[in-house]
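There are 4 protein chains.
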Amino acid sequence: MLIGDHAVGGEELFVIAGPCAIESAEQLTRVGQTVRAAGAQALRGGAFKPRTSPYAFQGLAGEGLALLREYKQRTGHLVVTEVMDAAQLDAVADVADVLQIGARNMHNSYLLAAVGEARRPVLLKRSFGATASELLHAAEYILARGNEAVLLCERGIRSYETCTRFTLDVGAIAWLKQQTHLPVLVDPSHAAGASALVTPLALAGVAAGADGLLIEVHHDPSRALSDADQALTPEAFASLIERLRPLAAALGRRLPAVTARGGRA
Amino acid sequence: MLIGDHAVGGEELFVIAGPCAIESAEQLTRVGQTVRAAGAQALRGGAFKPRTSPYAFQGLAGEGLALLREYKQRTGHLVVTEVMDAAQLDAVADVADVLQIGARNMHNSYLLAAVGEARRPVLLKRSFGATASELLHAAEYILARGNEAVLLCERGIRSYETCTRFTLDVGAIAWLKQQTHLPVLVDPSHAAGASALVTPLALAGVAAGADGLLIEVHHDPSRALSDADQALTPEAFASLIERLRPLAAALGRRLPAVTARGGRA
Amino acid sequence: MLIGDHAVGGEELFVIAGPCAIESAEQLTRVGQTVRAAGAQALRGGAFKPRTSPYAFQGLAGEGLALLREYKQRTGHLVVTEVMDAAQLDAVADVADVLQIGARNMHNSYLLAAVGEARRPVLLKRSFGATASELLHAAEYILARGNEAVLLCERGIRSYETCTRFTLDVGAIAWLKQQTHLPVLVDPSHAAGASALVTPLALAGVAAGADGLLIEVHHDPSRALSDADQALTPEAFASLIERLRPLAAALGRRLPAVTARGGRA
Amino acid sequence: MLIGDHAVGGEELFVIAGPCAIESAEQLTRVGQTVRAAGAQALRGGAFKPRTSPYAFQGLAGEGLALLREYKQRTGHLVVTEVMDAAQLDAVADVADVLQIGARNMHNSYLLAAVGEARRPVLLKRSFGATASELLHAAEYILARGNEAVLLCERGIRSYETCTRFTLDVGAIAWLKQQTHLPVLVDPSHAAGASALVTPLALAGVAAGADGLLIEVHHDPSRALSDADQALTPEAFASLIERLRPLAAALGRRLPAVTARGGRA
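Protein chains in written order, with our numbering: chain D, -10 to 254; chain W, -10 to 254; chain V, -10 to 254; chain X, -10 to 254.
Hints were generated in silico from the structure; no laboratory data involved.
Keep in mind it's a predicted model, so treat the numbers as computed, not measured.
In this text, a Cβ means the ideal position worked out from N, Cα and C, and glycines have one as well.
Among the hints, erroneous ones may be present.
Not everything, but these chain W residues come out facing chain D in the computed CB check (under 8 Å) [what the hints assert, rightly or not]: (1) P43; (2) S98; (3) H126.
Calculated pairs, DSBU-like style, for lysine-lysine (alpha carbon to alpha carbon, straight line, at most 35 Å) [to be verified]: (4) K166(V) <-> K61(V); (5) K166(W) <-> K61(W); (6) K61(X) <-> K166(X); (7) K166(D) <-> K166(X); (8) K166(V) <-> K166(W); (9) K61(D) <-> K166(D).
Start from the sequences and build out the full structure, keeping to the hints where you can.
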């Protein structure tokens, strides 16, 4: 599957990094430049934020999309952002290189059908209450409409254990790789719920067979408007990538090269 | 909270019964007449069906709504049906006395906000991966838009146990009754996943404090187009209500009276 | 199944109440007298306490058994206490009318086999990580040795939900009643983890089909050496029984009569 | 921590492999020779088998221990075997280089205290219903008696997901490595429940930080008397180790060298 000029699901791991929520142009520039320099092929950032409470920060919406478009045009970096409702789809697809469907919408079959009509790759996150088999069924809603560019993403499931926020299900990654040709990414940030655990979970996900990563990075996590506890600093992200590099090689995979200017060779 | 002329959340239990999916006018008439005769204040039936697989029966859609409208006009029986997308809301609200939000949409904040603007009571089902606290947060999305008529519904959560399809969380019913003034219903059918277990789970839910029930009833369960295993026959439903009647009285609650003609006194 | 002169599993519910841990003769007398007056056929109290941490109170051991024996001889009240190791079995069986196997020992097949040789009824609690089917298998270890007096007990399982300490699985109670002739009790105290939720869970368990209850009662819960949060006062226990009485009747069951003197008619 | 002449918890991974249950001298010889040749520092094999049902194969008991002793004396290979009851401890400790406490006994505080008095390292497996924090508490029961040689082992927990038999909790491995100095092993075989998933789970566990592995290997899995579905053939085990070798190196760890004769250099 080609995203930009990257063959996702092949030898090279696909790395998406960036803030949970788009907050400002300066934030996108600072985070985007550093994660790109470290090797991330795409920047993620949410304009629409699905929050548990209606009183929590809900994202910058249209303004966030405009900031993302400006960032993309200026840098040429790929961008990934979430679409939460079919009514937003045209506006989001006009900016995003990859449409993200969040865990809370994995069962939203109307939204799945809508992105199935879009001409954009879809990053489909597993609901934290869904089986891996149900994730495949959800992907079918998209595939059945003719959009074959679906990336699955494991991001942790609900269990009784509380040492991590969710339980990262590496068994599901391994099982999915044996069941489907679709690429499978891993999101260790939401599973960990704590920045100190993100790197070992990222390594574990790739070792289990994941074809890429989705990592939360913020230039100043303590001031992040959402998911502050689990966001990595750009330096910590670069360190994660450096630890991942030899592991990827050991698995016959590779990570993108790092460039001094923040672009790719 | 008044629904029709029923004070929900008071002494009288509110009983909603009917098929998972609307299949035909004859089906609605047969099931509706018998559940009403047994004491159900409202008929449920889905025109839009959220299914795990895109290849399973998805409901009769607009045709189903038309059948439901015709049933309602002919009988005067209250009807409850699910809305799955904001684009359907006007059409559904035009027929439904109560708008149902299914478990798979509990986290769909756009749909929650949309029904928050509607002038219809909302039956909000708990996601099988959500905490009871998150159910209250989801209700806030509706309440915050001015719609104060929200009925919560516990329908079983995911756990490792497989003797039932989901694990009915009576502790959440008891906890919710201590946390909120909103009525709390129990859906034992989806939790049980097998008709033989529906009655004990219904009794347990009411004993834990539930203000009403949501029960799947089909005139010929073996031919039901969805959820065949857990649907009760009209006779089994009437038997459930007869077993529930003295239990309700013991708890200071009551069930509606039964009438010979299938209407209520 | 006869325990003392009580036919457990029949019309009369079997109620066991008392402190988590035996602390003193005075405690046993005060709690025992009041729970008996309210209708409990047996007093429970632990001499050996299985605790998560080795640094928490582990029970009075032999001294606790001596206090329990003295209480029993003086009052004639049935007593239930836990056996945690085969080496204790003779000493415990010499005092206990019912041998309790705790949730943490449900998979301890050596202990199960040992009580299978004992001439005492066994109260077998479900592990909070075990399926209902595995509880039946554990009972087989006892039955296979010739001890047919096994009472099963549901006490809540581990799930992701945190509004209760464990998730009381009323579906398992209903399922077990359809699978086995063995009596099934419910322990709402450990599931609730909070005294305010014990009564609705007790009612729900009986409504689901339980043949009796196991309730933690302490004369001064705030000073209890273990499980302080969930213990009921004797007054709250009496109130629970009074709320349970009409519900039991509605289900065709009954509770023991209350006597002024703390004994039974 | 030294086991034989291996520093467990250091740079070299500690690999234990062998059959679920000891079946015959020939089996031990065939499996032991091949897993040792591939790099396993120790052979595992159960003489006492904790089974869910009393009617399943329960192990060869004393005869199994005798076979294990004979294997050890003949080959000098380290052996790991489970102790299920304090009454067996002397007999087991007389043969075993490492005493295994199975998942079903993690909460058996009497057994934990007993092995706390033994002069043998203890491999403590996490109960599939226990939190990682409770695993640390269980280890304290052993440490508090003076035995400081405790190896923790993550082997999968119960969750609603069924694509693997248990959900391997790599987050707990990462968390434990940050909480304790004790070595942490991973058992991917019991988590996977299917041989095709053992290798990716093994890689994931080591990538998350595990200090070693526990792998089920049988010379003829289809005829194994227990756990047939998840046992690897000796060839598949050797292949797993070869895939693990570069990954370990990438993580700054290493695996033991392979020797032609089935011994180690």
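Hints, verified against the model:
no.: 1; hint: P43; result: holds (5 Å)
no.: 2; hint: S98; result: holds (6 Å)
no.: 3; hint: H126; result: holds (5 Å)
no.: 4; hint: K166(V) <-> K61(V); result: holds (31 Å)
no.: 5; hint: K166(W) <-> K61(W); result: holds (31 Å)
no.: 6; hint: K61(X) <-> K166(X); result: holds (31 Å)
no.: 7; hint: K166(D) <-> K166(X); result: holds (28 Å)
no.: 8; hint: K166(V) <-> K166(W); result: holds (28 Å)
no.: 9; hint: K61(D) <-> K166(D); result: holds (31 Å)
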